[in-house]
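Participant: Protein chains in written order, with this note's numbering: chain E, 9 to 96; chain G, -1 to 242; chain R, 815 to 1014.
Any given hint might turn out to be false.
Stated by the list, open to error - Between beta-carbon pairs, the in silico distance windows are:
1) Ala69/E - Asp957/R: 22 to 28 Å
2) Gly78/E - Asp869/R: 19 to 25 Å
3) Glu201/G - Thr10/E: 46 to 52 Å
4) Arg873/R - Pro23/G: 56 to 62 Å
Claimed, not checked - A short list of chain R residues far from chain E (calculated; beta carbon distances all over 12 Å):
5) Asp832
6) Ala849
7) Glu870
8) Arg873
9) Ser898
10) Thr903
11) Glu921
12) Gly929
13) Pro936
14) Glu938
15) Pro958
16) Glu959
17) Tyr972
18) Thr986
19) Asn997
Everything labelled a hint here was simulated from the structure, so no lab data went into it.
Note that CB positions come from ideal geometry on N, CA and C, so glycine has one too.
The chain contents come next:
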Amino acid sequence: MTVSDLVLDGNAAAGILHAVYGAEMTLAVGTCDACDTDGPVGAVRLYRSAGLVLRCPHCDAVLMKIVTAGERVWVDSRGLRTLELAVG
Amino acid sequence: MAGAAVLGRLGWRVASIADVRPETPRVKTIALDVPGWPGHRAGQHVDIRLTAEDGYRAERSYSIAAPEDGGRVELTVEEVDDGEVSPYLTAEARAGDELEIRGPVGGYFVWDSDYPGPILLVGGGSGVVPLMAMIRQRGAIHTTLVYSARTLEDVIYRDELERVAGGGLDVVVTLTRTQPDGWTGHSRRVDADLLAEVAPPPEQRPLAFVCGPTPFVEAVALALVDLGHDPGLVKTERFGPTGT
Amino acid sequence: MPPISRGFRGKRRDAPADRVPPGQYVTPDFPVLSAGPTPHRPIQEWDFTIVGEVDELHRWSWDAFQALPTETVTVDIHCVTRWSKLDTTWEGVSVDTLLDGIETEAEYATAFCDGGYTTNLPLEDLTDGKAWVANTYEGEPLDPEHGGPARLLVPHLYFWKSAKWVRGLRLTATDEPGFWESNGYHLYGDPWREQRYWGD
């Protein structure tokens, strides 16, 4: 089994992202800070290891890291320059 | 796509199993009663959490298989070889057992009833589950389902698909491992040639939903783009390594 | 109080308690977990370097690395995602061998890797027979999916410290949080004290 068989997409983080941000996030449009490409969070590549790692589908740069420990969640979203979403 | 509704902080709810029924030798539909369920849209999924007596926990995500029905949520689960959660859900769990559910979640891979064009659904193995939820509430929208399974016995929802096919729903099944005697359907993998033959052409700008094992989804998405479909109209949901 | 799912056990196996740190479960598998795509560095481009708080850069090409003395060790490994695997056998170059003769005042090191992964450790956790740069697993060349051609092996800490696709060590005066340590995971990571997350 290779890592490329195991890779998922942003849909697999829909639950934790909704829990963290209080809103549906897979339709949010993110801009990659490394390569400027934008697209829906649902379409980014997702790797699962010690935490979730969301990577840009164009350049593989890390967009977000999400670590959960029971009720604590740590989110690093430095790789996402901007998130655009509809609220309300 | 209309703006996503803000549902507020999403947490875990208790669900109890109402019914477990077989679909194929390895696949079962689990019906859950979820008090307070807010409803859901076709294509959305849920996160399920199981806690053992000693506190050990496991979490998995499963697509919702059917339109909302009075607080009842149906999931169709394939038993994964050497799996941890799916063997429990398909072989052990019974009516009355409890688990935790978080959802519904998803907005990107969700049926869009406003889309002014045909819909193309491409599913591999258990990837057909969210697509079936879409078919079950598609209304009059012209829809093509391309469904890849290993054998005829592995085709989930087979009777229902045979019944509802026609009148705006094209169902194309390809059996990639073995075919029954007299099979006149397809037996190749879902590739560019098959899609060129059965899917709405790029000029019609179909909205495509592709779901199933990761290698399947990536090959199909690539094939659609190679055929000229707009990548922005190809939505994907990868299930990981298992399946067809 | 979460509901107990009657009859759910998971895939856990029994194992002697003195071999299994708290909160861990033994698995016969070797799960492939990755923070990113598997790098495929051609071997002629591979090198291992020691940089940072050192007198000069120290570098080994793959050929030079292969010429170093190796050790074969059988160790238990503990992943912070709760699986443990007992009696895994590795062959690699001891970090003591790589640091031999290198003068430094540094007390810490950051392992850096193809693909951009980093992890930080006290230098004393890499020395005195506690760490290797391993290129063989169970007698076979280390598979790329498990970190090949070479990975760091530091079995006394959680396995996220055993960085895959390692390319070198940067010796530092201070403890600099790496890929996971900067986002919730414990700076040190001792499985026997269950140091998984910040604040543990």
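Participant: All hints are to be evaluated individually against the structure, with a verdict given for each.
Facilitator: Status of the hints after comparison with the structure:
no. : hint                           : in the structure
1   : Ala69/E - Asp957/R: 22 to 28 Å : holds, 25 Å
2   : Gly78/E - Asp869/R: 19 to 25 Å : violated, 46 Å
3   : Glu201/G - Thr10/E: 46 to 52 Å : violated, 37 Å
4   : Arg873/R - Pro23/G: 56 to 62 Å : holds, 57 Å
5   : Asp832                         : holds, 25 Å
6   : Ala849                         : violated, 5 Å
7   : Glu870                         : holds, 32 Å
8   : Arg873                         : holds, 26 Å
9   : Ser898                         : holds, 14 Å
10  : Thr903                         : holds, 21 Å
11  : Glu921                         : holds, 25 Å
12  : Gly929                         : violated, 9 Å
13  : Pro936                         : holds, 20 Å
14  : Glu938                         : holds, 23 Å
15  : Pro958                         : violated, 8 Å
16  : Glu959                         : violated, 6 Å
17  : Tyr972                         : violated, 8 Å
18  : Thr986                         : holds, 21 Å
19  : Asn997                         : violated, 4 Å
Checked against the numbered hints given earlier, the structure breaks hints 2, 3, 6, 12, 15, 16, 17, 19 and satisfies all the rest.
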